[in-house]
Structures are given as structure tokens and as C-alpha cells.
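**Student:** Next come the chains, spelled out residue by residue.
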Amino acid sequence: MEGTMHADAKIRAETGTESGPRGPGCSLRHFACEQNLLSRPDGSASFMQGVAEKSREQLIRNTCEAVVLGALHPRTSITVVLQVISDAGSLLACCLNAACMALVDAGVPMRALFCGVTCTLGADGTLVLDPTAKQEKEARAVLTFALDSVEQKLLMSTTKGLYSDAELQQCLAAAQAASQHVFRFYRESLQRRYSKS
Amino acid sequence: MLAPAMAEVVAVAAESLAGSRARAARTVLNQVVLPGEELLLPEQEDAEGPGGGGERPLRLNAGARSRVRVVCGPGLRRCGDRLLVTKCGRLRHKEPGSGSGGGVYWVDSQQKRYVPVKGDHVIGIVTAKSGDIFKVDVGGSEPASLSYLAFEGATKRNRPNVQVGDLIYGQFVVANKDMEPEMVCIDSCGRANGMGVIGHDGLLFKVTLGLIRKLLAPDCEIIQEVGKLYPLEIVFGMNGRIWVKAKTIQQTLILANILEACEHMTTDQRKQIFSRLAES
Chain A
400 MEGTMHADAK
410 IRAETGTESG
420 PRGPGCSLRH
430 FACEQNLLSR
440 PDGSASFMQG
450 VAEKSREQLI
460 RNTCEAVVLG
470 ALHPRTSITV
480 VLQVISDAGS
490 LLACCLNAAC
500 MALVDAGVPM
510 RALFCGVTCT
520 LGADGTLVLD
530 PTAKQEKEAR
540 AVLTFALDSV
550 EQKLLMSTTK
560 GLYSDAELQQ
570 CLAAAQAASQ
580 HVFRFYRESL
590 QRRYSKS
Chain B
-13 MLAPAMAEVV
-3 AVAAESLAGS
7 RARAARTVLN
17 QVVLPGEELL
27 LPEQEDAEGP
37 GGGGERPLRL
47 NAGARSRVRV
57 VCGPGLRRCG
67 DRLLVTKCGR
77 LRHKEPGSGS
87 GGGVYWVDSQ
97 QKRYVPVKGD
107 HVIGIVTAKS
117 GDIFKVDVGG
127 SEPASLSYLA
137 FEGATKRNRP
147 NVQVGDLIYG
157 QFVVANKDME
167 PEMVCIDSCG
177 RANGMGVIGH
187 DGLLFKVTLG
197 LIRKLLAPDC
207 EIIQEVGKLY
217 PLEIVFGMNG
227 RIWVKAKTIQ
237 QTLILANILE
247 ACEHMTTDQR
257 KQIFSRLAES
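Residue numbers (my numbering), protein chains in the order written: chain A, 400 to 596; chain B, -13 to 266.
Hint data in this document are derived by calculation from the structure and do not stem from the laboratory.
Fair warning: there could be bad hints in the mix.
No more than 16 Å apart at the CA atoms, straight line, and that leaves these computed lysine to aspartate or glutamate pairs for EDC-like [said to hold, decoys possible]:
hint	chain 1	residue 1	chain 2	residue 2
1	B	Lys115	B	Glu168
2	B	Lys257	B	Glu211
3	B	Lys104	B	Glu166
4	B	Lys192	A	Asp441
5	A	Lys595	B	Asp254
6	B	Lys233	B	Glu219
7	A	Lys533	A	Glu456
8	A	Lys536	A	Asp523
9	A	Lys595	A	Glu433
10	A	Lys595	B	Glu166
11	B	Lys200	B	Glu211
12	A	Lys595	B	Glu168
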């Protein structure tokens, strides 16, 4: 399944990635996830992926608010604290993934899971999913999407750079395909956690 | 190794086109379910044809379809005529003991945060005394209120001896998302039944809610084994708090450590530790 070619977008396979199960045209870096790390807070998770503060906080907050069933907890505040251990690119997507796992670990009722996927457009129109920091800096445009798990609907998108309407649709489609990979990883990770008990 | 991955990839692609299809609750019992999944109840499985997509055959005797009342437990919400999973965990089902009803479905999740539920017995810590009401911290989002008359034998003249900082074992009479929770230390007949102020010695510690439910299950061996080890007094609160008291402080601490570690140990490891402690 290495390097499948699409009719309209060329997706470069990442060098040096782990060979996990890959969807067609999806090349994300290796994931690792650990839950219930900290003893004091109600829930905690650490999500490692491959590698503007206030606006990023607002984006993550809006995504969480769209998914969490807040009506079940009136007059209650839910605080999500994200600590960046290392930044190797796709930081916002990694933060979204970590926030989702932490909310699940804390037992907050949600109407769906969500994940973040970043993609960049190179100067010649090549689409790269889950870019490293270097690729993000050299790209013409960087687009981050938050997608939900039920129908891969778009919850949040933030973009930086120059791109056409058709390219936006291509990136969104590629992100939706990649999100399946992330949700499968969520499912395996949670099944492993519940298999221990 | 490659073939199953490819088959899964094809299935995933097909699913993404069709949208997530709801699964029958019966087929997912005791498996891990994720938030966002929809489950079909047994009576609806016949209505969904093999093509799915929400098509229902037109029925002439629509009114005669038997209605089964299913109770939606923690972690599930009603969404139209399906169940929507809101928490991650294992799906469980309990058949109705007698009479009608389709039983109870719920999701067994592991979490540390307690949400007050009516009828739960909990351990609370008195944080304030204001007029006729004590404010008790039960680990939820707001403190519960406990009236001083809600103790056995309490009257306006004969007030209970409760100070700030005391431990209380009581049950909730009012616990919903809209109102402040209220608890009492008597049952419906007016008897204490084990509730009230817990003694001054001993140790209070916190564990996850899943462990409490496991320890309180009728066939739990852990408590029997612990009882054989040392004579002890123990109180379980459904809010994740356990109070333990043994003859000496050292024994109390050992018991507290064992109970906290029980969550992550397998049965064999536990038996090893108990046998080692019994020898010493």
C-alpha cells in the first residue's frame, strides 16, 4: 500500500515512518498514546505524534464545546489543560487529539469523538498530511481540520496561506480519509485500556 | 498480515461513504463502545432491512407492534428510537428480573469524577455549618446539603454532634443536574441503618469509581480475603472514597495500599501479596 497515486493529488510517503496499517493515500506518522497518567486531575492523556496562543486555545475550546454534552452539567466548568512536551509539527492537530482522549478518560459525556488533521500545500501543489515542522515552514499553505467520528463532519478549520477553492476541497477530502486512521487508533487504544481490567 | 489490513481498509472506505451504520445492541454486548455510536434495540432489528439506510417497510398493523420498555443506564442517551453512546466503556445488559420490560443497558466506564445520583450511598466531608444545614463535600461539582434533622433520633432540641471536618456516610435524596444535591443519614423508615458520622480514627482515601463497583459486587473475593488478613472496619462510598480502620496504623496503611493497588493487579498477583502478608 506504499505510495498510492490519486488522479488529482500526489501524496508523498513519509520517509522513516513506522509501517502501520495505512489507508489509501494516507501517510501519517506513528502514534503513541497513554491515558490516566496524572493522579490528581479527573482525567489525563498524553498523545505523541511524529513532532499564537490565545487563538489556538479558542479553536480547541470551540471544538470541545461542539462535542461535549454540556447540557448534562449545568453550572459546571470543564477545564482542559494541554502541556506541550515537544513540538515536531502539526501541533494543533496533536493538541486536539490529546484533548479528545483526555475528555474520554475523564468520563465527560460526548456526542462523538473528534480528531485533528493537518495538511500542507507545497509550492507546486503537492499535498502532505501530518507535516513535520520543517515542511510546515516551507509550505505555501497550512490547513488544520477538526473532524468528528460519526460522519467525518467538519467541526473546526483553521488555515494559513494561499490556496484555491479546489485545493481546499482536496485537502478536506484527504483529511477525512486520514481521520479514519486516527479513529481506528483511538478504538484500539481504548480497547487495550479496557482489556486490562 | 497484509491481507486483513487491506480488507479492513476497503471496509472502512465503504463505511465512510455510507455513513456510520447503527449496530444492534445485542451484538456489541460486553465489547468496548465509543462515544457517538448508535445502537439498535432488539425490536428494531427486524425493521432495518439488509440495505439499512433507515428504510422501514410499510406496516398495516403499526399499532400492534409490541413495545418493550428498555431502561437507559449511565453512558447512554435516547436518540430518537435508538441509543446513543456518550461514554467509552463496555456495554452491559441486565435482563429484567420479573414482569415486563426489556431490561437495562448501560456502559461500564472507568472514571475518577463522581456525579451525584439519587439513592447512592456516599462518604462526605463536612465543610461548613450554616444555620440548620451542613455543607458536605461529596466530590461532585457542588457541595451537598445535609439537614441536622436528618439523623436518627435528632430533634430541634437534641442536635447531632457533627463538627466541621467530620466524615459522614449518607445517601442522596435529591440529586439531579438542575438542583443542589441533598443527602440524609436516615432511611425511609427513620432508622440510621449504618449511616451517620464515621468514627474519628482510620484513613480516608480515594479510588476510581470502577474499583468501588467491583468491590461492592456480590461475588467479590477481594473483601473476603482482606477480612481474613486483619480485623478491620471498612466503609465504601459510591463517590470513590473508602474509609478503613484496623487495629494499628501500620495495618491500616497496608490495607489502604492493597485496595488502591487492586485495580491494576491480576488475581494471581493479589493472592501472592496476601499470602506474603499473612506469613509476616
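**Student:** List, from low to high, the hint numbers that the structure doesn't satisfy.
**Tutor:** 7, 10, 12
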